[in-house]
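*Asks:* Protein sequence lines, in the order shown, are assigned to chains F and B.
For the first sequence, the numbering used here begins at 84 and goes up steadily by one.
For the second sequence, the numbering used here begins at 67 and goes up steadily by one.
Everything labelled a hint here was simulated from the structure, so no lab data went into it.
Ideal placement from N, C-alpha and C gives every residue a C-beta, glycine not left out.
DSSO-like mimics (lysine-lysine), calculated; alpha carbons at most 30 Å apart, straight line: (1) Lys497/F x Lys425/F; (2) Lys103/F x Lys204/B; (3) Lys107/F x Lys243/B; (4) Lys81/B x Lys316/F.
Label pairs and their in silico Cβ distance ranges: (5) Asp283/F x Lys81/B: 32 to 40 Å; (6) Asp403/F x Lys81/B: 18 to 26 Å; (7) Glu82/B x Lys342/F: 38 to 46 Å; (8) Ser281/F x Glu82/B: 31 to 39 Å; (9) Ser484/F x Glu93/B: 52 to 60 Å; (10) Ala75/B x Lys107/F: 23 to 31 Å; (11) Leu109/F x Gln187/B: 25 to 33 Å; (12) Ser484/F x Glu82/B: 50 to 58 Å; (13) Asp330/F x Gln187/B: 55 to 63 Å; (14) Lys130/B x Thr284/F: 34 to 42 Å; (15) Ala75/B x Glu315/F: 23 to 31 Å; (16) Gln187/B x Arg320/F: 52 to 60 Å.
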Amino acid sequence: MNEEKLMNLLNSLDDDLVEKEIDKLLEGVEIDMESINKKAHDKLNSESKKIRRRKKGLYVAAACLAAVSVSSLYAKDISKAVLSFLGKTPVYDTIVNGEAYYLKDSRKLDEHFIIDSFMVSKGKLEMELVTDLPFEELGDIYIIPKDNPDIVYFPAGYSVDENNKYFLSFANKTEENYHIEPFKEFKFEIAGNTYEVSLDTAARFDSESEIYAADETDNNDLGVNMGAKFVEKDGKRMLQIITAFEDSKLQLDKLGKPKNTDVSSEYENLEKGGIRSSSTGVDTETLYVQDQSGKRYSLDVPKDAKGRPVTLFETKAPKDAELTLKVPAIVASNPAVQEQLKLAVPEEGEISIDQEIDFGIQKVKAKSIKRLSSTSASIEFELDTLSNDKVHVRSFGFYSSDIKKAEGKFDASKAVITLEFKEGTDAVNLLIDYPEFVIDGDWAINMY
Amino acid sequence: MKLEYSQSALVKAIKEKDVSAYSYMIEKYTKTIYCLAYHILSPSMGKEEIEECVADVFYDAWVKIGQFDEERGSFRTWLLTLTKYKALTYRRKKPFLNSIALEDVKDEASYSIENQFLLRQDQEKVIEIINSFNPVDKELFFRRYFFGEKISDLAKSFNLSRSAIDNRLLRGRKIIKEALGYE
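Take the sequences, apply the hints, and build the full model.
*Replies:* Printed below as a string of C-alpha cells:
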C-alpha cells in the first residue's frame with residue numbers, strides 16, 4: 084500500500100469514525116465551540132453586509148423550524164430577514180403568522196348564503212359572505228370550532244358592498260376579546276340555520292420560496308424586515324411583499340406611505356344602542372417596482388382582493404427585467420397597547436398633565452387638559468416624543484365609560500381629543516389603545 | 067429537533083447561502099478543522115488565533131463553495147485542504163515562522179484524491195489497526211494520512227528525524243496492507 088492509497092483510504096472514512104478518532108487526538112485540548120461559532124458567524128455577518136451592499140442577495144428561506152434550532156442565536160444575527168419570514172403563511176392576497184386555514188373555493192351553503200372566502204389564523208378570523216337576505220334577517224351569527232365547541236366567535240365588525248357581499252371580522256364572544264386560535268372545521272350559525280364547513284390548510288413559505296430581502300443594514304434600528312417574492316397566480320405574475328416585525332405585537336395595517344397625515348376619529352356611546360366609532364381610513368400611495376433604466380411599473384391591488392392587508396400585487400413589469408421594489412413606508416399598529424389615563428378635569432382654564440405614554444416603538448405625551456364648557460374638555464397630546472424620525476404615531480384609539488362622545492384630530496405632531504360628558508364631571512378615566520404608526524423605512528429590494 | 071444534511075444537501079444549501087447550513091457546517095466540522103489547525107499552529111499560536119483560523123476556514127468554505135467538486139473528494143477533505151492553506155497563511159504572518167517548506171505551499175491548492183469506495187467494515191478495521199499502534203505511531207498516522215500533514219512538519223512536531231518518521235509510517239502501512247489483504 085503506498086502513501087497516496089492510504090491517504091485516500093483515510094480520507095474516505097465515515098464521519099462518525101473520524102469524529103471518534105479526532106476526539107482521541109484532541110484529548111486534553113479544550114475547544115471553545117461557542118467562541119468559534121460566534122467568530123465564524125461574525126465573519127459571515129460582517130462580510131455578507133459588504134457583499135449585500137453591492138449585490139442584494141437571493142435568499143432561500145429554510146423550510147422547517149428544525150433549521151432554526153440548528154442555526155440558533157448567530158443565524159438570527161446574520162439574516163434576521165430570512166429567519167423572520169419563516170412561519171409566515173400567505174393566504175389569499177395577504178400574509179398571516181403561523182398556522183392558517185382557508186376556503187380554497189367559494190362555498191354555496193344554500194339558496195341564501197355563499198361563503199366567498201374564509202380565513203382563520205392566530206388572532207385573525209375573516210369571512211366574506213354573499214346573501215340576498217337583509218341584514219336584520221341574519222340574526223345571530225356564530226362560528227364554533229368543531230374541535231373546541233366551548234369557544235364561540237361572533238362578528239365584531241362588518242362592511243357590505245353593493246353586491247350584498249358582507250365582509251365580517253370576528254372576535255371571541257366567549258372570552259370577550261380578540262383571542263382567536265386557528266381551526267380546520269367549524270359550525271356556522273346564521274339566520275337560525277347551522278352549516279358545517281371544512282377548510283383547507285394554507286401552506287407556509289417553504290425551502291423553495293425564493294425571497295428577496297431588503298438590505299438589513301439600512302434599517303436595523305426599525306425592527307422591520309422587508310422581503311418580496313414573485314408569485315404565479317391564475318396565470319399572472321404577481322409580487323408578494325413580506326413584512327416581519329421584531330416586536331411580535333406589531334401588525335401590518337397597510338403597505339405604502341399614507342397620502343394624508345391628518346386623521347380624524349370619533350366615538351359615541353349610544354348607551355343601549357352600543358358604541359359607534361369611526362376613523363379616517365388609510366389610503367396609501369401606489370407602490371412601484373423599477374427597472375435598471377429607472378422605468379417604474381405600478382403594483383396594483385387585484386380586483387376583488389381577499390384578505391387584509393393586501394400584500395399580493397399585480398404588476399406589468401417585464402419578466403426579464405432586473406427589478407427593484409421600493410417600499411417608502413408602511414402603516415403598522417400595536418393592538419396590545421392599553422394605557423389608562425386618569426385625568427382631573429379643571430373647573431376652568433387649562434392644567435398641565437405631562438404624562439408620557441409608551442407605545443413601544445414610539446411615545447406620545449399627554450400635555451394638558453382644558454375645560455371648554457360645563458360638559459366638554461379637550462386634551463392635547465404631543466406625538467413622537469421618542470427621538471426616532473422614521474417612526475411616527477398616526478393615531479391611537481380612546482375610550483372612556485365616563486364620556487358620551489369624543490372626537491380626535493391627529494396631525495403630524497400633535498393630537499387633540501375633545502370629550503363630551505355629563506354636567507358635573509370633574510374626572511375621566513381614558514383608555515388609550517391601538518396606536519397606529521407610519522414607519523418610513525424607505526426599503527429597496529433588488530429582485531434579481 | 068436537529069436538522070441533518072447529507073454531504074450533497076449541505077453543499078447545495080451552502081451554495082444557496084442558507085445560513086442554517088453554515089451553522090450546521092460549523093457544528094459538524096469544528097473539531098476536525100480545529101484538530102488540524104491546532105497541530106499546525108500550536109504551540110506558537112494561542113487559542114484566540116487558532117479559533118480565528120478555524121472561523122476563517124468556515125467563512126472561506128462559504129465563499130468558495132463553488133470551487134468544491136464532489137468528484138474530486140469529500141467535503142471534509144476539501145475543508146481540511148482549506149484549513150491547511152489558512153493555517154499556513156496564519157503561520158506566515160508570524161515573523162519567526164516565516165520559513166515555510168516549499169512542498170507545503172505547492173500542495174495547498176490541490177485536494178485531488180482518488181475517490182474510492184470503502185466498505186464500512188474495512189474502515190473500522192483500518193481504525194482498529196491504527197489504534198493498536200503505539201501512541202506516537204497512532205498520532206503520526208492520523209496526522210499524516212488523515213490530515214495530510216507534511217513529513218517535515220511531523221518530524222519537527224515529534225522531534226524525530228525525517229527518516230524516523232518515514233520508517234514508522236512504512237511499518238504501519240505494511241501492517242494495514244497485510245490486515246486488509248491488499249497487495
